[in-house]
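Student: So the chains spell out like this:
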Amino acid sequence: MTDKTNTKVLLVDDEPNILVALEFLVKKEGYQVFKAENGEQALLAMAAHLPEIVVLDVMMPGMDGFEVARKIRAEAQYDKSQIIFLTAKGTQEDRFKGYATGGEVYITKPFDNDDLINTINEVVEFG
Amino acid sequence: MDAGIIIFISIAYVTFLFLIAYLAEKREKAGRSLVNNPVIYSLSLAVYCTAWTYYGSVGRAATSGLGFLPIYIGPAIIAPLWWILLKKIIFISKSQRITSIADFISSRYGKSTWLGIIATLIAVFGIIPYISIQLKAISTSFDLLVTKQSAVYRHAEIPFYLDSALYIAIALAIFTILFGTRNLDPNERHEGLVAAIAFESILKLIAFLTVGAFITFWVYDGFGDLFQKAMDNPGLSRLFSLEAAGINGWEWFWLSFLSMSAVMLLPRQFHVAVVENTNPNHVAKASWLFPLYLLLINIFVLPIAIAGLDQFPSGAQEPDSFVLSLPLAYGKDILALFVGLGGFSAATSMVIVAVIALSIMIGNNLVLPLLLRTQAFQEEQYGNLSGRLLGIRRVSIVVVLLLAYGYFKAVGEQYSLVSVGLISFTAIAQFVPSVLGGIYWKRATKMGALSGLLAGFGIWAYTLPLPTMVEAGLIPIHFMEHGPFGIELLKPHELFGLHGSNHITQAAFWSLLFNCGIYFFVSLYTSQSPLEISQADIFVDIYKYRKGSSDYDIMRRQAKVQDIRILLNRFLGEPRGNLLLNAYENTQRIDLSQQQVAGADLVNYVETHLAGAIGAASAKIIIGSITKEEPISLEEMFKVLEQTKEIMQYSKALEKKSTELERTTRQLKDANEQLKELDRLKADFITTVTHELRTPITSIKALSRIMKETPGLPEEQIQEFLTIVVSESERLTRLINQVLDLEKIQSNQKNWTLAPIDFAEVTEMAYSGLKQLMRDRKIRHELKIENRPIEVMGHNDRLTQVVVNLISNAIKFCNPNEGAIKVNLRQAGDMAILEVRDNGKGIPKKDQKLIFEKFTQLNDETRGKPKGSGLGLFISHSIILQHSGVIYVRSQPDEGTAFLVEIPLLGTGENRGDEE
Numbered sequence: 005m006t007d008k009t010n011t012k013v014l015l016v017d018d019e020p021n022i023l024v025a026l027e028f029l030v031k032k033e034g035y036q037v038f039k040a041e042n043g044e045q046a047l048l049a050m051a052a053h054l055p056e057i058v059v060l061d062v063m064m065p066g067m068d069g070f071e072v073a074r075k076i077r078a079e080a081q082y083d084k085s086q087i088i089f090l091t092a093k094g095t096q097e098d099r100f101k102g103y104a105t106g107g108e109v110y111i112t113k114p115f116d117n118d119d120l121i122n123t124i125n126e127v128v129e130f131g
Numbered sequence: 002m003d004a005g006i007i008i009f010i011s012i013a014y015v016t017f018l019f020l021i022a023y024l025a026e027k028r029e030k031a032g033r034s035l036v037n038n039p040v041i042y043s044l045s046l047a048v049y050c051t052a053w054t055y056y057g058s059v060g061r062a063a064t065s066g067l068g069f070l071p072i073y074i075g076p077a078i079i080a081p082l083w084w085i086l087l088k089k090i091i092f093i094s095k096s097q098r099i100t101s102i103a104d105f106i107s108s109r110y111g112k113s114t115w116l117g118i119i120a121t122l123i124a125v126f127g128i129i130p131y132i133s134i135q136l137k138a139i140s141t142s143f144d145l146l147v148t149k150q151s152a153v154y155r156h157a158e159i160p161f162y163l164d165s166a167l168y169i170a171i172a173l174a175i176f177t178i179l180f181g182t183r184n185l186d187p188n189e190r191h192e193g194l195v196a197a198i199a200f201e202s203i204l205k206l207i208a209f210l211t212v213g214a215f216i217t218f219w220v221y222d223g224f225g226d227l228f229q230k231a232m233d234n235p236g237l238s239r240l241f242s243l244e245a246a247g248i249n250g251w252e253w254f255w256l257s258f259l260s261m262s263a264v265m266l267l268p269r270q271f272h273v274a275v276v277e278n279t280n281p282n283h284v285a286k287a288s289w290l291f292p293l294y295l296l297l298i299n300i301f302v303l304p305i306a307i308a309g310l311d312q313f314p315s316g317a318q319e320p321d322s323f324v325l326s327l328p329l330a331y332g333k334d335i336l337a338l339f340v341g342l343g344g345f346s347a348a349t350s351m352v353i354v355a356v357i358a359l360s361i362m363i364g365n366n367l368v369l370p371l372l373l374r375t376q377a378f379q380e381e382q383y384g385n386l387s388g389r390l391l392g393i394r395r396v397s398i399v400v401v402l403l404l405a406y407g408y409f410k411a412v413g414e415q416y417s418l419v420s421v422g423l424i425s426f427t428a429i430a431q432f433v434p435s436v437l438g439g440i441y442w443k444r445a446t447k448m449g450a451l452s453g454l455l456a457g458f459g460i461w462a463y464t465l466p467l468p469t470m471v472e473a474g475l476i477p478i479h480f481m482e483h484g485p486f487g488i489e490l491l492k493p494h495e496l497f498g499l500h501g502s503n504h505i506t507q508a509a510f511w512s513l514l515f516n517c518g519i520y521f522f523v524s525l526y527t528s529q530s531p532l533e534i535s536q537a538d539i540f541v542d543i544y545k546y547r548k549g550s551s552d553y554d555i556m557r558r559q560a561k562v563q564d565i566r567i568l569l570n571r572f573l574g575e576p577r578g579n580l581l582l583n584a585y586e587n588t589q590r591i592d593l594s595q596q597q598v599a600g601a602d603l604v605n606y607v608e609t610h611l612a613g614a615i616g617a618a619s620a621k622i623i624i625g626s627i628t629k630e631e632p633i634s635l636e637e638m639f640k641v642l643e644q645t646k647e648i649m650q651y652s653k654a655l656e657k658k659s660t661e662l663e664r665t666t667r668q669l670k671d672a673n674e675q676l677k678e679l680d681r682l683k684a685d686f687i688t689t690v691t692h693e694l695r696t697p698i699t700s701i702k703a704l705s706r707i708m709k710e711t712p713g714l715p716e717e718q719i720q721e722f723l724t725i726v727v728s729e730s731e732r733l734t735r736l737i738n739q740v741l742d743l744e745k746i747q748s749n750q751k752n753w754t755l756a757p758i759d760f761a762e763v764t765e766m767a768y769s770g771l772k773q774l775m776r777d778r779k780i781r782h783e784l785k786i787e788n789r790p791i792e793v794m795g796h797n798d799r800l801t802q803v804v805v806n807l808i809s810n811a812i813k814f815c816n817p818n819e820g821a822i823k824v825n826l827r828q829a830g831d832m833a834i835l836e837v838r839d840n841g842k843g844i845p846k847k848d849q850k851l852i853f854e855k856f857t858q859l860n861d862e863t864r865g866k867p868k869g870s871g872l873g874l875f876i877s878h879s880i881i882l883q884h885s886g887v888i889y890v891r892s893q894p895d896e897g898t899a900f901l902v903e904i905p906l907l908g909t910g911e912n913r914g915d916e917e
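Sequence lines, in order, name chains S and G. Our numbering applies: residue 5 is where the first sequence begins, and numbers increase by one. Our numbering applies: residue 2 is where the second sequence begins, and numbers increase by one.
Honestly, the hints are just simulated from the structure, not real lab data. Heads up, a few of these hints could be off.
Each computed BS3-like pair below joins lysine-lysine, with the alpha-carbon atoms no more than 25 Å apart [claimed, not checked]:
1. G:Lys30 / S:Lys32
2. G:Lys709 / S:Lys31
3. S:Lys39 / G:Lys89
Not the full set, but computed from the structure, chain G residues with beta-carbon under 8 Å of chain S [unchecked claim]:
4. Arg695
5. Ile725
6. Ser730
7. Asp831
Please read these numbers as outputs of a predicted model, since none were measured by experiment. Don't be surprised by glycine CBs; every beta carbon is placed ideally from N, CA and C.
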């Protein structure tokens, strides 16, 4: 069992209300939480905190989630960071795009709270 | 009266006729035709009135009262139809150079030689009895004038060399030869003959009217006196009732029908009405002048009959000669001589024209085609044939007249003029199906016409001339009484058991029934040769061919010019042949002496002109002997033509189809593009809407689950989460309302009612509703309204919706850090102008139009993630259109965006126009 308090999770979503819910759930599970409301902020947070997990929204103003993921994957220092896409775009095509850009898992909104947490746990534990 | 005087006067009269003919032909050559007018044409048609009319009608009236009338009622009924019927026949005949009724029928059915022969035989045998009664009339009147008594001797009983009728026949043959066969006219027209005939028509009418007037007004005291005498005499009064006359409606019908067909199809009628016609338009006048002539010549028939019966109650005089014996009885010899001359003219005109017409037929359609088939004739390349052609005609004239004399001597004497004449009418009526069908029914075939004619002619011969021979003693009498071989059903006068009607009626009925039926059914079950098809087409659609020039030059034939020359010289004589070719050279502007080969055009030209001289069937054979049809045969050519026609029609149809298809394809493509675009927009819209739906639901679902599943959650946190849940629910509600709005606007546009409202008030209300939001977002905001109130025709809620939408958009898209929004409402001219300006990133030019379209959402990097359904502006756009206004955008990248709405002010023209 990994030490959750030492595991950093970066939550990225342009909807503040969704961030509220995500933050509460992930914190309650015991992880360290960081937040970003858009792509730029997300990349800054990556650099600052080197989170193990990034929960990344896809449709955001400015840089979208796929773009952010590509940039993360482009840098070796983030090799240990794993990306979980969280999006309202639920088509098969979007899913493939998500995996192609380096996402581990693809969760559609509206998500199930337990599923989300379980997924994060699994990714943290088994990579 | 001395026979010498009568003969002298007759010869003088005939000489006078020649003079008229000579003058007419001289004027024709001078280009001042005497006969080219409708009156002469109508008078020439009166060749219909023969000795039958002149003597026979009175005879008929004396025995059966009004029974003489159908013979004149029929023509009077058909005459108004000439305008259609006769004119068509004339047009056809002129274009095909038809020379006779037999030629007409032969030509229609593929220029058939056999049909020409059969039709000629029917005409000749049909007309011989008719000519015989003219001989009878002339000789009877001659005898009467000489001896002043009728029936002194029977012609049958005296040797032929003592018989006046024979010498009359010979004299008539000579007249006819002189009139009709002096030269060979390529058009078979004889203006001299027509002029003479017209003169004879005048003479016979005047003579008959004179004797009628003499009897009615000199012998008696006018019509009243005569009819009073008749009524007082029971033997005479019966003449005025139809039943007593022994003629019923069935017989009247048939007699009228027979005379209807006779007046057009008798060889001599066809000759004067069609072949000698100079101008088809003459038919119009003739169609009332001719019936008028018939009326005049019949006025005195009944009075003379009554007078004759009154004067000779004992039957001392034959009714057929009342016309002559009445003036003789009163000692008016000069009048009698004049009347005799009238009768002579009636008979001669008929005989001359009829025999000429028959001789043309015999020459062109009977002798020549047979002659042309003999090898010897074909090998005889040189020498003038036109002389031989005329010779054939002269011989046939003599033969016909001698046959007529023979019939007269054997049979004709025992019968009245009318009963013999009707035998001829019935024979001629056999042409009706072939001719009428020929010009109106393309499907009619040669086999149909041939078998119909043969059947009709057979029945005619069996039921009419055969019995007369029985009575003449040529055939045993039991044949008539018990039928051949004792078969009663085949008794000629009661054929197939039909009895009770007069034998003319029943013969006409059976012969025409079989003729028509066989013609019709055989036509249906036989096919036409290519030539038949083309001839049928010309005959039925003659007006089409008259308009189009040489559509029927279907035969691509060639011949040597030299051969054509020889041919023309042989058949028409050198002068006429040269004349024809010169005329051709002149119209075509070519020099034939420079040419070796004559093209199809010249060959057709020569054939039609030859056809005018020798008949269509003969011309076809002759031309065939010198022409080389091009490698493909006519039949093949026809197939090719038919196919080409089909292919052309087919390809035309295809072409039409393909343009149609192209158009449809284009339309489909467009529609498809639109659909695709719509589909794309719809997919985008659905993605957008679902995204917009998923986002609030995500928060609501996640937070409510947290609250439900996390016991002991602090109160403040619950409050915070609940606030979010409520606001996200409201967001959902708004979205759903917008989608519904769109639907409403789309479906309910027509039902809006606009009312005068203050746009300033509307703007103010909407603005103040959003003030708080702008304050919250720290957006500088400003509202400026000039010259209020600003009255417009509008829908309060809808307009409010527009203003809210525009301000909300401005709030969404203004500069996120230092937002600023200006709302300005003013009047300019007739319009109220609302401007909502933000200081956001602006909208690129290319997108400015797009944003008002349904489902369109700017979703690019510069504007970032869309924050709406993409419906707001579209809805606003629709609403403003309903207000007769416009909505548009002014924007420069990085300089903010201004949305402008213009609505007409209250009381302006545009607004009033909208009120209705």
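Student: Hint by hint, note whether the structure agrees.
Tutor: Here's how the hints hold up against the structure:
no. : hint               : in the structure
1   : G:Lys30 / S:Lys32  : 132 Å, violated
2   : G:Lys709 / S:Lys31 : 17 Å, holds
3   : S:Lys39 / G:Lys89  : 104 Å, violated
4   : Arg695             : 4 Å, holds
5   : Ile725             : 5 Å, holds
6   : Ser730             : 11 Å, violated
7   : Asp831             : 41 Å, violated
Taken one by one, the earlier hints fail for this structure at numbers 1, 3, 6 and 7, listed in ascending order.
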